[in-house]
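Residue numbers (this note's numbering), protein chains in the order written: chain A, 1409 to 1711; chain B, 263 to 526.
These are calculated hints, taken from the structure and not from any lab test.
Since the structure is predicted, the reported quantities are computational estimates derived from the model, not experimental observations.
Some clues are possibly wrong.
Unchecked claim - Calculated Cβ distances over 10 angstroms to all of chain A for the following chain B residues:
| id | residue |
| --- | --- |
| 1 | 366 |
| 2 | 420 |
| 3 | 470 |
| 4 | 497 |
As the list claims (entries may be wrong) - Listed next, the stretches of chain B that the computed footprint assigns to chain A, with coverage defined by at least 3 CB atoms under 8 angstroms from CB atoms of chain A:
| id | segment |
| --- | --- |
| 5 | 264–275 |
| 6 | 303–315 |
| 7 | 318–329 |
| 8 | 484–495 |
Beta carbons are placed, not taken as given, at the ideal position from N, Cα and C, and that holds for glycine.
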Amino acid sequence: MKTSLKVKIGKLTLKNPVMTASGTFGYGVEFEGLAGIKELGAIVTKTITLRARAGNRPPRVIETPSGMLNSIGLENPGVDRFIKDKMPSLRRFKIPIVASIAGESAAEYKRLAGKLDGVKEIEAVEINISCPNIETSKLFAQSEKSTKDIVEAVRSATGKTIITKLSPNVTDITSIARAAESAGSHALSLINTLTAMAVDIEKKESMLGNITGGLSGPAVKPVALAMVWKVYNAVKIPVIGMGGIMDWRDAVEFILCGSTAVNVGTANFVNPNAGAEIAEGIKKYLRKKKIKDINDIIGGLRK
Amino acid sequence: MPKHVLAKIISQKEIKKGCFRMRVKAPYVARTASAGQFLHIRCGDSTNPLLRRPISIHRKGADYAEILYNVVGKGTDILSRKKAGDKLDIIGPLGSGFKVYKNDRSIRMLVAGGMGVAPLLGLGEELSRSIKGKKRFIVILGAKTQKHVLCESEFRKLGAEVYVATEDGSKGKKALATELSRDIIKSGKYKRQEVCIYAAGPMPMARALCRMMQRCSPESQISLEERMACGLGACLGCVIDTQSGYKRVCKDGPVFALREVAFK
Ligand SMILES: Cc1cc2nc3c(=O)[nH]c(=O)nc-3n(C[C@H](O)[C@H](O)[C@H](O)COP(=O)(O)OP(=O)(O)OC[C@H]3O[C@@H](n4cnc5c(N)ncnc54)[C@H](O)[C@@H]3O)c2cc1C
Ligand SMILES: Cc1cc2nc3c(=O)[nH]c(=O)nc-3n(C[C@H](O)[C@H](O)[C@H](O)COP(=O)(O)O)c2cc1C
Ligand code: FES
């Protein structure tokens, strides 16, 4: 029996639904030799900004029960150096590249999308409006209006597939999801990390230099699944699910809750080959269940 | 290029209370690693602890590598319960290790604070092999008490001149490793600019050393620690501040030029 793992996200076709999550796979090269990169559906890059960012004060990572906090603060070399220094190696993998972008205003997102529009191998742009580790008091992803403005600005600057990455730190994620959809986003990805803390009681200080950070890993999976399920039922565009996916079973849970594709994040730190193994595991699951096409089970949770 | 392997544990011994030396069969690591590099170890197989733990390569032989570690928490506790014959999930060798420059004038001074001795013994072995003639090197071992002094006889066997400093004075000089090394330099026995420091130890020691030793040889180096996630240079989680901005301990380090480190 032939089993198809092919999925479509906007204009982008993925040979399988497994992508690496932004910020957890660097620019791919760091994992060369340890990860089956060619086996991945796509790579999502670390979030890129217009100008280089140094990132937040260390310590930037700390483990918590079945999870971790990070407060990296979008350290990146800026879009021009990204294109010049990071794209050549990313190209070599010959798999679709999704460029994650973040700006301080809709105009900045637009300029970023414009600069990346000319880079052929970048097949989609992920709009990160949900990073909890930057200076602003309110995330763009916490406002329907900001979400809409940014998606529209990006749309006006690029013909590439647009994915909008949502934050779990909201009262109603479906309203933000609909705002992004109505503004023309081709897909939604969720969840970004949950704002979180850990405290050193001896020193009476936060374990993170930036005081707060974002929680990821197995601890967030149940929260992420519920959000994916809610958003899947609220919009018509594809949903890319993530949050604590460690193995293929977790990935199948997300697919059943409505994820067309999944992102693997924290798991890359535990097993650098997690993405490729998850893709293989999903395939075996489909075969065992005699399912010909993965698209037949997306959102297939029995009600 | 690092590799991800399941290495067979050859032996594990508690050499001092709470301090373990483990030997694993790892021909690739043995062949390619340099002193100061580390292994990223998955201690358990559940999600708690979740992340790998960085542990320095302590020594290596023809087809094995050794680690030396203290039990300080969940991960190292699980590690300490493993037995010969068990498998250990490791990625390595990782990071950039100590550089040994060909410099005949150089007086190499290894300064170990506590568990910092782990990578320095490997360096000592490398020095004793690579440096021709009878050029000795000096080792300063700093520990809490006499009971905590590690690897003294190993260093002596390599022909090193060994000094011990303990915080309570139960062995050697009652001082910190940094203070003892400063006193030795100040005694005028060696030209300060020719003393090449190789240091490893906890952060407070690193801070003190960077303050005291800026006028030593520009070849001086220090191994630093920061919490890690990926260990591969991808997540940017393990940075420390340097004269040229944030640098990743796992990739640009853990060994840095002493002059490059910027403590505020
Ligand atoms: C490059 C590098 C090399 C290292 N080499 C050695 C070695 O050879 N031998 C050895 O015993 N230890 C070494 N360490 C420290 C070792 O990684 C930690 O002790 C270990 O991660 C603790 O894990 P745990 O689960 O037992 O403790 P946890 O429960 O995670 O934490 C217990 C305590 O350990 C300390 N700690 C945790 N993570 C780190 C870390 N990444 N760096 C420093 N301190 C930490 C914290 O102060 C914490 O309070 C090294 C660290 C680095 C970065
Ligand atoms: C160290 C680290 C860095 C991250 N950096 C980014 C980033 O730059 N941009 C972004 O959109 N998400 C970033 N994320 C969030 C992940 O892409 C993902 O949304 C989140 O971690 C949940 O998935 P996981 O539990 O599988 O890791 C980062 C996560 C981690 C752990
Ligand atoms: S631990 Fe990820 S960059 Fe160093």
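Hints, one by one, checked against the model:
1. At roughly 38 angstroms, the least C-beta separation between residue 366 (chain B) and chain A is larger than 10 angstroms, which holds for a residue marked as non-interface.
2. Distance check on residue 420 (chain B): its Cβ is at least 34 angstroms (rounded) from any Cβ of chain A, clearing the 10 angstroms threshold; non-interface status holds.
3. The Cβ of residue 470 (chain B) lies farther than 10 angstroms from every Cβ of chain A, with a closest approach of about 18 angstroms, so its non-interface assignment holds.
4. A cut-off of 10 angstroms between C-beta atoms contradicts the statement that residue 497 (chain B) is not in contact with chain A; the least separation is 6 angstroms.
5. Counting residues of the segment 264–275 of chain B whose CB lies closer than 8 angstroms to any CB of chain A gives 3, so the stated coverage by that chain holds, three being the minimum.
6. Remark: the segment 303–315 of chain B is confirmed as covered by chain A, as 7 of its residues place a Cβ nearer than 8 angstroms to a Cβ of that chain, reaching the required three.
7. With a threshold of 8 angstroms between beta carbons, the proposed coverage of the segment 318–329 of chain B by chain A is violated, since 0 of its residues qualify and at least three are required.
8. Coverage of a stretch by a chain is defined here by at least three residues with a beta carbon nearer than 8 angstroms to that chain's beta carbons; for the segment 484–495 of chain B and chain A the count is 8, and the condition holds.
Comparing the model with each numbered hint stated earlier shows that hints 4 and 7 do not hold.
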